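Asks: Turn these sequences into a full structure, and let the hints steer you where they fit.
Chains H and R, in that order, give the protein sequences.
When you line the first sequence up against my numbering, it's residues 1 to 105, in that order.
When you line the second sequence up against my numbering, it's residues 1001 to 1639, in that order.
Honestly, the hints are just simulated from the structure, not real lab data.
Source: prediction; values computed, not measured.
All C-beta atoms, glycine included, are put in the ideal place defined by N, C-alpha and C.
Any given hint could be a false lead.
To be verified - Which residues of chain R face chain H? A few of them, derived with a C-beta cut under 8 Å, are:
hint: 1; residue: G1613
hint: 2; residue: K1614
hint: 3; residue: Q1616
hint: 4; residue: A1619
hint: 5; residue: F1620
hint: 6; residue: I1623
To be verified - Pair by pair, the computed Cβ-Cβ distance ranges are:
hint: 7; chain 1: H; residue 1: N87; chain 2: R; residue 2: T1073; range: 57 to 63 Å
hint: 8; chain 1: H; residue 1: N87; chain 2: R; residue 2: K1614; range: 16 to 22 Å
hint: 9; chain 1: R; residue 1: L1636; chain 2: H; residue 2: Y8; range: 21 to 27 Å
To be verified - Pairs of lysine-lysine residues, derived as PhoX-like cross-links and limited to a Cα-Cα distance of at most 20 Å, are as follows:
hint: 10; chain 1: R; residue 1: K1465; chain 2: R; residue 2: K1387
hint: 11; chain 1: R; residue 1: K1387; chain 2: R; residue 2: K1434
hint: 12; chain 1: R; residue 1: K1536; chain 2: H; residue 2: K98
hint: 13; chain 1: R; residue 1: K1558; chain 2: R; residue 2: K1546
hint: 14; chain 1: R; residue 1: K1583; chain 2: R; residue 2: K1571
hint: 15; chain 1: R; residue 1: K1553; chain 2: R; residue 2: K1387
hint: 16; chain 1: R; residue 1: K1614; chain 2: H; residue 2: K29
hint: 17; chain 1: R; residue 1: K1176; chain 2: R; residue 2: K1116
hint: 18; chain 1: H; residue 1: K98; chain 2: R; residue 2: K1614
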Amino acid sequence: MIAGISIYEILTVTSILFFTGVYGFLTRKNLISILMSIELILNASVINFVVINKYLYPDILQGVIFSVFIIAVAAAETALAVAIIINLYRQISSVEVKDTEIMKY
Amino acid sequence: MNFTYIILIPLIPLAVFLLLGIFNQKIKPAISGYIGVGGLTTSAILSFYTAYQYFFVHGKVDGVYQTLVQKTTWMNFTDTLAIDMGVLVDPISIMMLIVVSIVSLMVHIYSRGYMKGDEGYTRFFAFLGLFSFSMFGLVLATNLFQIYIFWELVGVSSYLLIGYYYTKNSAVAAAKKAFIVTRFADLGFLIGILIVGYYTGTFDFETLNNPEGSAILNWAATSFMGLSVLTWALILIFIGGAGKSAMFPLHIWLPDAMEGPTPVSALIHAATMVVAGVYLVARLFPMYYFIEDGFALNIVAYVGAFSSLFAAIIAITQTDIKRVLAFSTMSQLGYMMLALGVSGYDGHNGVGYMASMFHLFTHAMFKALLFLGAGSVIHAVHSNYLKDMGGLRKYMPITNITFLIAALAISGVFPLSGFWSKDEILVAAFEHNKLIYGVGIFVAGLTAFYMFRLYFGIFWGKNTKYEHAPHESPISMTFPLVVLALISVFSGFIPFSELVTADRSGFEAHLNIPLAIVATIVGFVGIILAYVFYKKENDLSTKYAKSFGLFYKWASHKFYFDEIYMFVTKKILFNNVAAPIAKFDKKIVDGTMEGIGNKTVVISKKIKGMQSGKVQDYAFAFIAGVVIVALVFIYLWTN
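Replies: In C-alpha cells form, the structure reads like this:
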C-alpha cells in the first residue's frame, strides 16, 4: 500500500506505458527502436505484477519474484535480438524494417 | 571330448579376409599371398587333426559314430523355438572339412602363381578367405538356419569371385546370373525351412534327423495336396540344394560362372560350393529317407539322373574347355544326387549314401585338378578354346600327366579314385532302380568320351603353331597339381564304408566284380572312341556330328535353355507383368503423391503475395484482432 496513490493511478500509468510500447512497435522503422518498444511493453507488465501483488496480497512475494524472472528473460531476449540484428546488418548493411522483406521467401 | 577349437577352422579364414580386405592397398601382393596360404594351412592342419581325433581317438560309441554338438543360443523366437549357433561334428562334416581345406589350400597356393601381377591380387585372396570361412561355416552348421546363413554367404562370395574381373561385361552378367538364379532357388529353401520350423518346432539337425524323433515319426500328421507337409518342405529344401548344385533346370548359371578366374572355378564351381546341395540332402538324409517312404528322395534321384545325362550330352559338344568341365561337374553332381536318391538307410542298404559322399570326396579332388590343369593350359596359351590348343604335351609335361591322371580318374579307370566311388554308385543304383542304373552307366561312358576328347584336344591332336612357345607353369602352380594328382590316385583306398555311412555304424564294402567290369568296359569304349576321333587331326568327329544333325545342334546350344529362360523372363515376365506394374507404380502411385506436392507448390505461390514480410504488418493485424475481440467481449458483457 503506497500512501496517497491509489491502484487506479498506477494502472493508468502502466497502461500508458504499454500502449506507448505498442504504438512504437507498430510505427518505428528501425529494428533497434522496435526492440526498445518491446522493452516498454515488458516493463509495463512487470510494474503491473508488482503493483497488483502489493495491493491484493501484500504478505506474499510471488508477483515480485515473477517480475525479476521476467526481467531476466527480457535481458536474454534482448541479447538474442541484438545478435540477430547485428548479423542482419552484416548481410544487408541496414537495420530498417523494410529492408528485411527479403527474408520472406 | 572337447571340440571347441574347431571354431578356429572357419574363424582363421575370416580373420584373413578382414585383414586383407581392410588393409587392401597397404599390403604388398607377395605378403597377402603368404597370409592367405598361411591362414588356410592352419585351418587345414586343424581339420586333419579334428578328423584324426574324431575317427581314431574318439571313435565309435556303441558301434556308432556320434554327433557332437557345441552351440549357444543366438536368437529366441518362442520359448521352444530358438536359433542356435555352433559347430556340429559328425562323419560327413568332418569329410567336408577335409575336402574344403585341401582344395582351398591348393587353390590358394595355385593362385599365387596364376594371379601373379594381377591388379586385384590382395582383393582376390581376401575373397578366397571369405569363401573359405563361409564354406567351413556351412559345413559345421548345427541347424537349418545357420546353414542357410552360410549358404547365402557362399553365394555372395561366389558372386564376388565370378565378377572378379568387374570391368568385363560378360563377367558382371555371369555374376548377376549366378546370384539371381541361386537366390531364386534359395527362396524355396527358405520356405522349406520355415515349414519345418513351424510343424516340428525345431531347426536342429540332431532332433530332426533322429529316426525315433517326433519329426520323423509324425510326418503324416498334417498333409497338403495329398502329400505330407514335411514332404513338401523337403522338396522345397531340395530346390535350394538343386540351385546351388546346378541341377536341371536351375543349372543355367554354372557354365556362365566360368567367367571367373580359373582357380575360383576349381574351388567354388567344381569342388566345394556346388556340392553344398548334395551335402544338404545328405545332412537331412534320415528325413528324406523316412518321411513318406522317401517320396522326396525319389525326386532327388530322378532329378539327379536326368541332370547327369543332360549335362554329359552337352559337355560333348562344347568347345570352351572350362565349359566342358563345368558341364562335367554338373553331370557328376547329378551322379551324387542320384546315389543319394537310391540309397537305403541301415547297413549295406546305405551304400548309395556312402557312395555319394565318397564320390563327392574323390570328385572334389580330381575335378579341382582338372580345373587347375585347365587353368595352367589357359595360362600358357591365353585362350579358353579347344581350337587354339593341340600338341601341348611337349611343352607342359607336368600338366599333361596330372591332367591325364584326373581324366582317367573321372572316367573310372581301375585303380584310380573315381573307379571306386563310381562303382559304388552304380552298385547302389543297380540294386535299387534299373532305369537309373542304365542312365548311370551310359553317363559313365559319355564322361569317359568327353573327358578324353578334351584331353586329346589339348595335349595331342593337331600341332598348333603358337606365336609364343607355351611353357610349363611355375612351381607354385604345378605343386598343387601334383598333390591333387597323388590324392586322386590314392584316395580310392580310403575305407569310406567304415567311416561315412547313413546310419553311422559302417559296413563291409566289397567290389561287385560284374558291375565293375561292365563299368570299366563302358569307360574304355568312351576312351577308345575319343582316341579314334581326336588323337590325330581328322574329320571323323565333324562327320559323326553331322549324322546327329539337329540333335547335335541343340546340344551345342545347351538345348536352348538360356534362350528359354530369356524368353520367359524378358518377353513374358518383364513385358507382361513387370512392365505394367512398373507403369502403375510410376503413373498412379507416384503420380498421386507428386500431384499433391505440385498442387501445394502452385497454391502457395498464388497466396504468398498476402505476406508482406514486414513484422509490423503482422503485429498490427494481431493487435487489431485483439482489440476487436476485446470490444466484442466488452459489448457482450455489458449487455
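Asks: With reference to the structure, classify each hint as holding or not holding.
Replies: Hints, verified against the model:
1. Because the smallest distance between the Cβ of G1613 (chain R) and any Cβ of chain H comes to about 3 Å, under 8 Å, the interface hint for this residue holds.
2. The interface hint given for K1614 (chain R) holds, since its Cβ lies 6 Å from the closest Cβ of chain H, which is under the 8 Å cut-off.
3. Of the supplied interface hints, the one on Q1616 (chain R) holds, with its beta-carbon coming within about 5 Å of a beta-carbon of chain H, less than 8 Å.
4. A distance limit of 8 Å between C-beta atoms decides the matter here; for A1619 (chain R) the minimum to chain H is near 6 Å, and the interface restraint holds.
5. With 8 Å as the threshold, the beta carbon of F1620 (chain R) comes within range of chain H, its nearest partner Cβ sitting at about 5 Å, so the hint holds.
6. At about 6 Å, the closest approach between the beta carbon of I1623 (chain R) and any beta carbon in chain H falls short of 8 Å, and the interface hint on this residue holds.
7. N87 (chain H) and T1073 (chain R) have their C-beta atoms about 59 Å apart, which keeps the hinted 57 to 63 Å range intact.
8. One distance hint, 16 to 22 Å for the beta-carbon pair N87 (chain H) and K1614 (chain R), holds here, with the actual separation near 19 Å.
9. For the pair L1636 (chain R) and Y8 (chain H), the supplied restraint of 21 to 27 Å holds, since their beta-carbon distance comes to about 25 Å.
10. Only pairs whose Cα atoms come within 20 Å are accepted, and K1465 (chain R) paired with K1387 (chain R) is accepted, the gap being roughly 11 Å.
11. The straight-line distance between the Cα atoms of K1387 (chain R) and K1434 (chain R) is roughly 39 Å, outside the 20 Å bound, and the hint therefore fails.
12. For the given pair, K1536 (chain R) sits about 99 Å from K98 (chain H) by alpha-carbon distance, which is inconsistent with the 20 Å threshold.
13. Distance hint between K1558 (chain R) and K1546 (chain R) is fulfilled; the C-alpha atoms sit about 17 Å from each other, no more than 20 Å.
14. Using a Cα cut-off of 20 Å, the hinted pair K1583 (chain R) and K1571 (chain R) holds, with the two alpha carbons roughly 16 Å apart.
15. With a C-alpha separation of about 18 Å, the suggested pair K1553 (chain R) and K1387 (chain R) falls inside the 20 Å cut-off, and the hint holds.
16. Taken as a hint, the K1614 (chain R) and K29 (chain H) pair is honoured in the structure, with Cα atoms around 10 Å apart against an allowance of 20 Å.
17. Between K1176 (chain R) and K1116 (chain R) the CA atoms are separated by roughly 26 Å; this puts the pair beyond 20 Å, and the hint is violated.
18. A threshold of 20 Å between alpha carbons decides the hint, and for K98 (chain H) with K1614 (chain R) the separation of about 7 Å falls inside it, so the pair holds.
Checked against the numbered hints above, the structure breaks hints 11, 12 and 17 and satisfies the rest.
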